[in-house]
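Here the protein sequences line up with chains Y and P, keeping their order.
The first sequence lines up with residues 7 to 254 when you count with the working numbering.
The second sequence lines up with residues 172 to 472 when you count with the working numbering.
These are computed hints drawn from the structure, not numbers from a lab.
Treat the hints with care, as some may be off.
As the list claims (entries may be wrong) - Partial pick of chain Y residues on the chain P-facing surface, computed with a CB cut under 7 Å:
| id | residue |
| --- | --- |
| 1 | 49 |
| 2 | 51 |
| 3 | 52 |
| 4 | 57 |
| 5 | 58 |
| 6 | 65 |
| 7 | 66 |
| 8 | 68 |
| 9 | 69 |
To be verified - Examples of chain Y residues toward chain P, derived with CB under 8 Å:
| id | residue |
| --- | --- |
| 10 | 31 |
| 11 | 34 |
| 12 | 36 |
| 13 | 53 |
| 14 | 55 |
| 15 | 67 |
| 16 | 71 |
| 17 | 187 |
Beta carbons: idealized from backbone N, C-alpha and C, even for Gly.
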Amino acid sequence: MELTAIIPSYGQVALLRTCLTMLERALALTKLPGTAIVVVDNGTLTPYRLAEFGVASVRIVRFDRPHSYSTACNRGACEMPARRYLFLNNDVFIHPEAIAEMLDVMREHKAGIAGTRLVLPDDTIQHCGVKFDGGERGPYHQHHGRPTAIVARATSFPQAVTGAALLIDHAVFTALGGFDEAFPFGYEDADLCLRARHLGIRIACAQGQDSLHLESFSDRRPDRHQASRRLFFERWRGRYAIDGDENG
Amino acid sequence: MTREHAISLIVHTRNSEATLPRLLDSTRWAAERILIDMQSRDATIEIAQAAGCRVLNTPVVDAVDPIRNQYLGEASQEWILVLDSDEYLAADAHEALQQLIREHGANFDAFALPRFNSVAGHIMRGSGFYPDHQVRFFRKGTVAWQSGHHHLPTVLTGPLRLRRLEPPHCLHIHHENYVDVASFLERQLRYALTDDYDADPANFDFGSYVAEAYAEFARRHEPLQDGELSTAVATVLAWDRIVRGLIHWERLGRQQPLNGAFSLPIALAVPGKQTWKTVPMRNVPREISRWIRRRVSRRRH
Numbered sequence: 007m008e009l010t011a012i013i014p015s016y017g018q019v020a021l022l023r024t025c026l027t028m029l030e031r032a033l034a035l036t037k038l039p040g041t042a043i044v045v046v047d048n049g050t051l052t053p054y055r056l057a058e059f060g061v062a063s064v065r066i067v068r069f070d071r072p073h074s075y076s077t078a079c080n081r082g083a084c085e086m087p088a089r090r091y092l093f094l095n096n097d098v099f100i101h102p103e104a105i106a107e108m109l110d111v112m113r114e115h116k117a118g119i120a121g122t123r124l125v126l127p128d129d130t131i132q133h134c135g136v137k138f139d140g141g142e143r144g145p146y147h148q149h150h151g152r153p154t155a156i157v158a159r160a161t162s163f164p165q166a167v168t169g170a171a172l173l174i175d176h177a178v179f180t181a182l183g184g185f186d187e188a189f190p191f192g193y194e195d196a197d198l199c200l201r202a203r204h205l206g207i208r209i210a211c212a213q214g215q216d217s218l219h220l221e222s223f224s225d226r227r228p229d230r231h232q233a234s235r236r237l238f239f240e241r242w243r244g245r246y247a248i249d250g251d252e253n254g
Numbered sequence: 172m173t174r175e176h177a178i179s180l181i182v183h184t185r186n187s188e189a190t191l192p193r194l195l196d197s198t199r200w201a202a203e204r205i206l207i208d209m210q211s212r213d214a215t216i217e218i219a220q221a222a223g224c225r226v227l228n229t230p231v232v233d234a235v236d237p238i239r240n241q242y243l244g245e246a247s248q249e250w251i252l253v254l255d256s257d258e259y260l261a262a263d264a265h266e267a268l269q270q271l272i273r274e275h276g277a278n279f280d281a282f283a284l285p286r287f288n289s290v291a292g293h294i295m296r297g298s299g300f301y302p303d304h305q306v307r308f309f310r311k312g313t314v315a316w317q318s319g320h321h322h323l324p325t326v327l328t329g330p331l332r333l334r335r336l337e338p339p340h341c342l343h344i345h346h347e348n349y350v351d352v353a354s355f356l357e358r359q360l361r362y363a364l365t366d367d368y369d370a371d372p373a374n375f376d377f378g379s380y381v382a383e384a385y386a387e388f389a390r391r392h393e394p395l396q397d398g399e400l401s402t403a404v405a406t407v408l409a410w411d412r413i414v415r416g417l418i419h420w421e422r423l424g425r426q427q428p429l430n431g432a433f434s435l436p437i438a439l440a441v442p443g444k445q446t447w448k449t450v451p452m453r454n455v456p457r458e459i460s461r462w463i464r465r466r467v468s469r470r471r472h
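Next up, chain Y with everything else stripped away, as it sits in the complex (with noise of 0.2 Å):
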């Protein structure tokens, strides 16, 4: 397989299902010989059916009782594996050529992990890369909320990308033994790629293309990053290079 997208998602089936329209038709495009989505089912009331979804290659990992981000995403990794993993949110209406654009960044810059542009309905950015500032912030998403219009399309290469659409490769993912599972929700994304970039794993993100993030839309919970946050300034408090705060 030479590509394996991982969708974790809880309800929405109508949001998943656009997201998976999406998917298809952008996988389509890469041309890429093998590709497959695994969609992982994290513990929705009842669960999903292929035959809600009306995309053909979809395999759906059930879980019962809902588990955090990483363990969903490793464990719909181990279902498929692939030269290369896609992990995208339920929310993401990824634009048809992005993986396609993806792929060639990674190639061209020798990157094991990739991100792309998503912006949000206002045709704001909501993710271009992360940065790190020194302080309480920690790592924020560059030029959120900026018209897209004027944020620069050469391709970045930033010390993070986020999860909610991004591209790594097997081997990487497979040394860095997947994504955290300690991480209860957020923050395990940041983690992975500060981890890669130990290893001197270079992380790219793709400008071309907008895709659209609905972003937190699945859960608005205020104190949901809390725990994870938590954990992340244990973790890395320092041992990161400080990007400095844009809007300081």
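Since chain Y is already given, all that's left is putting chain P on it; use the hints.
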């Protein structure tokens, strides 16, 4: 590091090649897997042996539950999981079972697991199909099945040693019951024909079967949960009560009175103009005949 508790899996099969691979795929972690096969003529045994199962052969029986007891002793592990060949578990089931033993094994001998049931591709949320608890995970020697179809087994150490898992977000059994309504009908009829019936004529009352049919329809009919499928399922199960009444009556030698007026199940719609006239109204229960007459007179006016 927590100790892992070994689990024996017991599965009863008969021509189960279509569904068995999914079950075996979802229980690879079991310390031993024992297949009790009823003379399968398809690839069931080959599939099981290729997956490393121990296969025991048994004669064909009408009901599986009564023979479950005689094979429970084959399990070598302290904890036993019993599944049917059209059932399977989720990807996190092993972890959930281990947690159950760790946290509750000292105080409980058996666990009733909720079950998702699927009819015609739809996972039923109402109609008496959910949560449909099944006692299928227990300590060896603490559970015994009764005769007949679909009776819950008894926990020999007492009801207080049974723990029910309450949904949502707990371990479930996943059950692909019926691919369509026709196979549902077929299976219900088979169950009805092969079930045990009270042999004492004094206890037979066809009217109570009819009453049960109405009650069954009322209990099962939850269109807000399952839409039209709920109506179909409720109708089949109401009809099932009537059919069982007739089978019971015949088993008793056709000596008991049957009130023909009550042998029809539920009138769900007014018959067409041509048809209703052919129905002798004296044979229709009074409540229903009144309802039909009201509808017809409303049409005429």
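Verification of the hints:
{"no.": "1", "hint": "49", "in the structure": "holds, 5 Å"}
{"no.": "2", "hint": "51", "in the structure": "holds, 5 Å"}
{"no.": "3", "hint": "52", "in the structure": "holds, 5 Å"}
{"no.": "4", "hint": "57", "in the structure": "holds, 6 Å"}
{"no.": "5", "hint": "58", "in the structure": "violated, 10 Å"}
{"no.": "6", "hint": "65", "in the structure": "violated, 11 Å"}
{"no.": "7", "hint": "66", "in the structure": "violated, 10 Å"}
{"no.": "8", "hint": "68", "in the structure": "holds, 4 Å"}
{"no.": "9", "hint": "69", "in the structure": "holds, 5 Å"}
{"no.": "10", "hint": "31", "in the structure": "violated, 26 Å"}
{"no.": "11", "hint": "34", "in the structure": "violated, 27 Å"}
{"no.": "12", "hint": "36", "in the structure": "violated, 27 Å"}
{"no.": "13", "hint": "53", "in the structure": "holds, 6 Å"}
{"no.": "14", "hint": "55", "in the structure": "holds, 7 Å"}
{"no.": "15", "hint": "67", "in the structure": "holds, 5 Å"}
{"no.": "16", "hint": "71", "in the structure": "holds, 5 Å"}
{"no.": "17", "hint": "187", "in the structure": "violated, 12 Å"}
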